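Engineer: Model the placement of chain B on the given structure of chain A, informed by the hints.
There are 2 protein chains.
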Amino acid sequence: MNPLEKLKHELKTVLNLRGASALLQWDQETYMPDGSGAIRSEQIALLDTLSHEHLVGPAVKAPLAELVNLDNGEVTAGLSEDENRLVNEIWRDYHRAAALPKEFVEEYSQITSMAQQVWAQARKENDFAKFAPHLEKIIELKFREIDYLGVKTTPYDTLLDFFEPGMTSADVTRLFDAVKERLVPLVRRIADSGVNTGVELLRKDYDVDRQWEFGVQVLNDMGYDLNLGRQDKSAHPFTTSFHPTDVRITTRLNPNNLLSALSSTIHECGHALYEQGMDKDWFGTPFCDAISYGIHESQSRLWENLVGLSRPFWEHYYPKLQKFFPENLGNVELDAFYRAINTVEPSLIRVDADEATYNLHIMLRFEVEKQVINDKLPVKELPELWNNKMEEYLGIRPDSDANGVMQDVHWSFGGFGYFPTYALGNLYNVPMMNQAREELKGLDDQIARGKFADLREWLRTKVHLVGRRRTAAELIEDITGEKLTAEPFMDYLENKYQAIYQL
Amino acid sequence: MNPLEKLKHELKTVLNLRGASALLQWDQETYMPDGSGAIRSEQIALLDTLSHEHLVGPAVKAPLAELVNLDNGEVTAGLSEDENRLVNEIWRDYHRAAALPKEFVEEYSQITSMAQQVWAQARKENDFAKFAPHLEKIIELKFREIDYLGVKTTPYDTLLDFFEPGMTSADVTRLFDAVKERLVPLVRRIADSGVNTGVELLRKDYDVDRQWEFGVQVLNDMGYDLNLGRQDKSAHPFTTSFHPTDVRITTRLNPNNLLSALSSTIHECGHALYEQGMDKDWFGTPFCDAISYGIHESQSRLWENLVGLSRPFWEHYYPKLQKFFPENLGNVELDAFYRAINTVEPSLIRVDADEATYNLHIMLRFEVEKQVINDKLPVKELPELWNNKMEEYLGIRPDSDANGVMQDVHWSFGGFGYFPTYALGNLYNVPMMNQAREELKGLDDQIARGKFADLREWLRTKVHLVGRRRTAAELIEDITGEKLTAEPFMDYLENKYQAIYQL
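As you go down the protein sequences, you meet chains A and B in turn.
Each residue of the first sequence is one higher than the one before, starting from 212 at the first, in our numbering.
Each residue of the second sequence is one higher than the one before, starting from 212 at the first, in our numbering.
If you're looking for bench data, these hints aren't it; they were derived computationally from the structure.
Treat the hints loosely; a few may be bogus.
Each pair may be met inside one copy or between any two copies, as identical chains are not told apart.
Stated by the list, open to error - In silico DSS-like cross-links for lysine-lysine, where the CA-CA straight-line distance does not exceed 25 Å:
(1) K587 x K600
(2) K223 x K600
(3) K673 x K652
(4) K217 x K707
(5) K662 x K272
(6) K272 x K313
(7) K313 x K219
Bear in mind that the values here come from a model prediction, so they are computed numbers and not experimental data.
Chain A on its own, in the form it takes in the complex (with noise of 0.2 Å):
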């Protein structure tokens, strides 16, 4: 084997752990019983530790060697274009796990693994103090994580780069305050409207299992591949890989909500849709892995929300919902459904926001996130801070800090710098969804019809079977011609609302 067919065969051993890993983090979410939790969190910190080891450890190191400078990353063989490119990923990924020791690496998994089974705990009963020393042991690992780094800019910045790479705080904070410019006054206008969206038609009662069973439809229209995936339930839905084989999604059923489990079953479609369109002759190298999360969550709001709660998709559904659900449907016309889907009104939980109030609540978290990274916010001012940002940003004070500060995993595995790419994904969709309606003819009356297939494989050749071959800004640049900006965005929002609010 040459060393870049050497490097690919040792890769996939990385991946093949991590693989098991996510089975068993699948497992923990899904299916594990209550009192397995210590042991599981052991069995998962070994695996990471043994994934690390092998991503730093010598049969990684000297193949890679061979072909770059390990310091720099400056590709020192003679390889084709596609191949620099593969080397110098592979070489990122290298670098930045080199600069963590082993015993970082298993105490972070051990740690993190308790502290979500802890979240869980502390959210259920309300109990800020039971969480806060575990999020602060996160934090001091968080800010050991960032010398083992180096701080690129900000300490935070550091932390972004692993989730947006290529991404500055500063970028984040131009695209996110163009954003605030419109859409403050925007929400302000929908506020003063007056209009009634009818969204109590929503929290009637809806039968779970008919929920799922049409959230099952919708999975194999969009094209997910069932024989290759599965989809379970669990308290917060995710999408995991173990490979583009076996890429599994979950939802959460709420009797009183009926876009809940409809919205995160599309949500997370969207997700397993990259994943299983990746090139799985790559698995292992970055030529199949997602580019950013920012892209990934492109994905999954693309489907969610520019499809899935478009008047389009709705055409061909309606009329299908009403079916599952005559008695609560069976009356109301489909523009009137369309409406109450599309209700925008401040509230505290994220994973319920609308379309348009969601953005807020991320900058809320990227302010609040930074406090915590780059100032040292002492841990118990959180919920306080906490609670202000929201009455500044939505114009309502949490009830508690259930639905307040405790309400997201995110910290308790250690995502600082996660939350952005949420947002992000807001902003990537839109110019690419611009596109894709110019390239494709006629694709509001595909989706009119439930047919996804050009939708789909327009997204695999654009984006999931690109991998790393580009970074998010390249990417957005190659497919629209133009750089990224809050524009587009901005542009659907009100053009959306204002129809639906008469504004």
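Structural biologist: Same frame as chain A, now just chain B:
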């Protein structure tokens, strides 16, 4: 850490890797999508190779070498009797594993993982030719394994020793001959008795959800801790443990066989109580490990047969079962039901066989396996040999290979030497149960009230917590004061069936 503590620590890592592999296998049998088999085989092979490498690598070898002579297992350190035993058993595992090259372990794992999938398909299609080349490969691997491990008396004994340490083919033959001498006439007398036990009662329509619900009630009563375990459905029932705090069972539900799910649930629960009952402070070491496969089967079969097919058991449960299935059982007396579930009848499928003829299925397999391993019988001759032996032992000839030589999964994972332990479990558990009945006054009355705590705790103390401090032969002598013979088992069978069949 002293060498013994170091050993315990490193062995825990080995067991956690095996636990992760076991979860991947559990998932493969329960929830894995159909199309994900290839990558799963790779992942399992990787974990199996890593756990093997860790067991035979320097982390275990170095502290072990401080305590024993690695060549012959002689303890060189000054240890207590208990520690001596522990180190001896650790050495036995180490020595056996160290004889196998890493490449062999990897190849073995990959080939058997794929072969299990092929077997399932081939059995479904009744296509022995499809499975044959895989079986040939596996048998070649077994020959290589025997070469690595060294022949014990006969090649087959080398394999048997893994499943039933310390027991030889000669021991098994002696025991099986003693069983056969009394069992064959017993089965004949039963057939000649002309008694109709009304077995067709069990083959009516029994709603599978209710079967499940009834089974769960029995699981709870038996003391299976569902906070540290769970039951799922799979094609073939099994028990798997990742740690005493995560022990899972599966069952299968047949709408036209009332006994199938219930028997398998009780059987697997017996295994699970053994695993949950072990001393988790010794997790990773032989003191938190089953003595042998035969002793494991003694636990499952004690509950399945000696308890679950007994009259006292049904005195408690039959009125409950009648409430679950009033249309089928409402007018059937307990005695009639008891006779029906204790029908003795030669049949093709081992796992559906009754308590008496079951042992003939095992003897047949023991004979066939010895011919394959000791006499190198060609794979293509297996179906004919199987069918001839079925006629000889049970007086019936399989209608297909699916219901003949291909019915069991064991050979597809290389489990030659496994089958005899099933019948040994029967021989072990009768003297155990006799002793329990002497020591626990009123045991049958307790069972007749659905109270199993005394029996379970007695087994926990006498068997589960012992771990590998004792061999199977020592354990039986400890418990009963006598060496193992076939007599208690045959006395039990004859007494039971003389009453039922009025012989």
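Engineer: Confirm or reject each hint.
Structural biologist: Results for each hint:
no. : hint        : result
1   : K587 x K600 : within (17 Å within a copy, 77 Å between copies)
2   : K223 x K600 : neither (44 Å within a copy, 47 Å between copies)
3   : K673 x K652 : within (16 Å within a copy, 75 Å between copies)
4   : K217 x K707 : neither (51 Å within a copy, 65 Å between copies)
5   : K662 x K272 : neither (47 Å within a copy, 61 Å between copies)
6   : K272 x K313 : both (15 Å within a copy, 22 Å between copies)
7   : K313 x K219 : both (22 Å within a copy, 21 Å between copies)
Checked against the numbered hints given earlier, this structure breaks hints 2, 4 and 5; the rest are met.
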